[in-house]
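Residue numbers (numbering that gives the first Met the number 0), protein chains in the order written: chain V, 0 to 242; chain U, 0 to 53; chain R, 0 to 204; chain X, 0 to 217.
Please note that a few of the clues may not be correct.
A few chain V residues facing chain X, derived, Cβ under 7 angstroms [claimed, not checked]:
1) Met115
2) Leu130
3) Ile131
4) Phe135
5) Gly138
6) Ala141
7) Ala152
8) Asp154
9) Leu155
10) Phe166
11) Leu169
12) Ser170
13) Trp177
14) Ser178
I should point out that these hints are in silico values taken from the structure, not numbers from a laboratory. All residues carry an ideal CB built from backbone N, CA and C; glycine is no exception.
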Amino acid sequence: MSIWEYANPVRFLALSAKVQPFAWAAAAIGILVGLLWGFFGTPDDFRQGSTVKIIYLHVPAAWIAINAWIMMLLASLVWLVRRHHVSALAAKAAAPVGLVMTVIGLLTGAIWGQPMWGTWWAWDPRLTSFLILFLFYLGYIALWEAVEDPDTAADLTSVLCLVGSVFALLSRYAVLFWSQGLHQGASLSLDKEENISNVFWLPLIISIAGFTLLFLALVLYRTGTEISLRRARAISARLEPRG
Amino acid sequence: MMPELGKYAFEVLSAYGLSLLLIVALLAVTLRRGRRARAALRQIEAEARPDGKS
Amino acid sequence: MRLTLADVAVARGGVPVLSGVSFALNPGEAMILRGPNGAGKTTLLRTVAGLQPALSGSIDGATDAVAYAGHADGLKAMLSVAENLSFWARVYGRSDIAGGLDAYALGPLRDRLAGTLSAGQKRRAGLARLLVTGRPIWILDEPTVSLDSHAVTLFAAAVRAHLAQGGMALLATHIDLGLDARVCDISSWASLPDDLLGASDEAFL
Amino acid sequence: MIALLIRDLRLALRAGGGFGLGLAFFLIITLLVPFSVGPQSQLLSTIAPGVLWMGALLACLLSLDRLLALDFEDGTLDVLATAPLPLEAALAVKGLAHWITTGLPLVIAAPFLAVLLNMPPQGFAWLVISLALGTPALSMIGTFGAALTVGIKRGGLLLSLLVLPLYVPTLIFGAEAARRGAAGMAVETPLFVLAGMSLACIALLPFAAAAALRMTLR
Numbered sequence: 000m001s002i003w004e005y006a007n008p009v010r011f012l013a014l015s016a017k018v019q020p021f022a023w024a025a026a027a028i029g030i031l032v033g034l035l036w037g038f039f040g041t042p043d044d045f046r047q048g049s050t051v052k053i054i055y056l057h058v059p060a061a062w063i064a065i066n067a068w069i070m071m072l073l074a075s076l077v078w079l080v081r082r083h084h085v086s087a088l089a090a091k092a093a094a095p096v097g098l099v100m101t102v103i104g105l106l107t108g109a110i111w112g113q114p115m116w117g118t119w120w121a122w123d124p125r126l127t128s129f130l131i132l133f134l135f136y137l138g139y140i141a142l143w144e145a146v147e148d149p150d151t152a153a154d155l156t157s158v159l160c161l162v163g164s165v166f167a168l169l170s171r172y173a174v175l176f177w178s179q180g181l182h183q184g185a186s187l188s189l190d191k192e193e194n195i196s197n198v199f200w201l202p203l204i205i206s207i208a209g210f211t212l213l214f215l216a217l218v219l220y221r222t223g224t225e226i227s228l229r230r231a232r233a234i235s236a237r238l239e240p241r242g
Numbered sequence: 000m001m002p003e004l005g006k007y008a009f010e011v012l013s014a015y016g017l018s019l020l021l022i023v024a025l026l027a028v029t030l031r032r033g034r035r036a037r038a039a040l041r042q043i044e045a046e047a048r049p050d051g052k053s
Numbered sequence: 000m001r002l003t004l005a006d007v008a009v010a011r012g013g014v015p016v017l018s019g020v021s022f023a024l025n026p027g028e029a030m031i032l033r034g035p036n037g038a039g040k041t042t043l044l045r046t047v048a049g050l051q052p053a054l055s056g057s058i059d060g061a062t063d064a065v066a067y068a069g070h071a072d073g074l075k076a077m078l079s080v081a082e083n084l085s086f087w088a089r090v091y092g093r094s095d096i097a098g099g100l101d102a103y104a105l106g107p108l109r110d111r112l113a114g115t116l117s118a119g120q121k122r123r124a125g126l127a128r129l130l131v132t133g134r135p136i137w138i139l140d141e142p143t144v145s146l147d148s149h150a151v152t153l154f155a156a157a158v159r160a161h162l163a164q165g166g167m168a169l170l171a172t173h174i175d176l177g178l179d180a181r182v183c184d185i186s187s188w189a190s191l192p193d194d195l196l197g198a199s200d201e202a203f204l
Numbered sequence: 000m001i002a003l004l005i006r007d008l009r010l011a012l013r014a015g016g017g018f019g020l021g022l023a024f025f026l027i028i029t030l031l032v033p034f035s036v037g038p039q040s041q042l043l044s045t046i047a048p049g050v051l052w053m054g055a056l057l058a059c060l061l062s063l064d065r066l067l068a069l070d071f072e073d074g075t076l077d078v079l080a081t082a083p084l085p086l087e088a089a090l091a092v093k094g095l096a097h098w099i100t101t102g103l104p105l106v107i108a109a110p111f112l113a114v115l116l117n118m119p120p121q122g123f124a125w126l127v128i129s130l131a132l133g134t135p136a137l138s139m140i141g142t143f144g145a146a147l148t149v150g151i152k153r154g155g156l157l158l159s160l161l162v163l164p165l166y167v168p169t170l171i172f173g174a175e176a177a178r179r180g181a182a183g184m185a186v187e188t189p190l191f192v193l194a195g196m197s198l199a200c201i202a203l204l205p206f207a208a209a210a211a212l213r214m215t216l217r
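Chain V on its own, in the form it takes in the complex:
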């Protein structure tokens, strides 16, 4: 039973129907436990005071924002190589979720950084990279909406995703270079955890797991929606008398 089985929409919907209840439940539990524990159960950081609690939103959101684009990239590759509709529609379904997570990452990052920087927005390399990622998501979604024929749309958005990913990486290093101005930035990882003592660690992991499951559940459901739209379109295309 190779995974290509699930490229067939009918079988995908069956699988999705089975998985979704667990995904939604586990996501809810993960997020609730992660956030509540983080919010109520952890002490303040000596330096940042209580703003450190924002970590339980910022890091998971940033984590999803990045991985959603990576998932879209893989789905686009699968569409271009194997022409499986479900993967193209899954990429289309994931984009808005990635966009919202990027916005949350930006918001929480700016608010969290505010005490240290004294302003709501600072051109910090990480925040700027997220801003660029936000633009990529916007362009991707806009291209999906702009093209009428679903197949052409899937093709063009896949090409944009491939080329965009290369430029996103380029922008990442450009921003690092530009903000230091003189030398290459030290850390490459986007969401590098500060040196977190374990009391913060566990709720963070749970929260990340919760967000990941939420992403999974959302994408499964939204892909189902895209399949329904596509099926309705296919049937109506055949219903109209020809010519």
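Given the structure of chain V, go ahead and fit chains U, R and X onto it with the hints provided.
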């Protein structure tokens, strides 16, 4: 029960508030759009296969 | 150097339009496709021209041998007729455009900007482009649109000359050109509404 | 291929071909800056490299949606796709034609506009070099964007939305090189990265653009 948030209470609460608001909005839009699309599909399927065979 | 189609199926917008299309065109022959609007004439012509992939079946003899004339003429308004034609000639690795100009009596319009031509004159210039490319297989989609009767005879003469030199032509048109060409109605190949044939919508039905 | 280049250049030079469009836009943008940020020459000279680079970038962007859309409407793209000329080569030539008609004039005009912004003269050379290295990438990325949006009605706005994020790395390194040149600092690092990116764009993007175009023509 409410933890002492210190002088950054506004920041922390606004961050949580905005983020959760965005997530709830995303959920609402997703579910509403999903329900409407599925209903439209059922309606078209009924039209296409009045005798119910798929 | 025959053009052969074997059991070709084509789709438009994910819906199969024609299936089981099989015919062969020998040098010196022409074929006219007839059929109602939206029956798939343009789709079939674009598939033979290689602009879009066929759903199934095979097309032989078309690669690098086709000159395609769609609804638009491919003329640049700001270039003169001569400049347009010589550009297309050079793209196909040739240079003489005299043949094209004479065949469609475009001599006097030679240096007029394409933008200033009437629809009929533009169409003649567009058709002259086929001559200039020197490609053996002409694929024409409604070539006689906006041509007056005199221009139609010119066009028919040009096609006859092309066939005489061993060229081939595949046209979609409703006008009787007086060519001794096989005429076939493509609705005989129309695919049934329930046919799927791997069209991109198949996965969703 | 040369035929396509000559035709495009001739078209651009003809009336309405839009040859001077990019240049005029670049001039206007640069003139507006002092009005917006005030005439203090010290301020202007510090932001001059960045302003000139942004002006050049926007001028390139402006003339992109005409690049393929006209050929799409009058059927030229359909015929080009069936011509012996590979589509990749045709699009590379399109990018080159765009660079010659839009990019090059910007590079030549930049120093004169730099004077208007009181940019230190020592930076003129580096400004020109960085623009000369960067504008080909802008043209090639733009051609890719145009190929993506050619089939879309009113694709011009979408083209900008898709292309601007792709322009960010070129802008950062290009403006950085110009700024360092003006300040007399070492320019090697940004300049070499810029050159590397441009070469990569010129080499690889025609293939992506041709793939996108084939999908649209399908």
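>> When the structure is checked against the list of hints, which entries are broken? Sort them ascending.
In response: Result: hints 1, 2, 7, 14 break, sorted rising.
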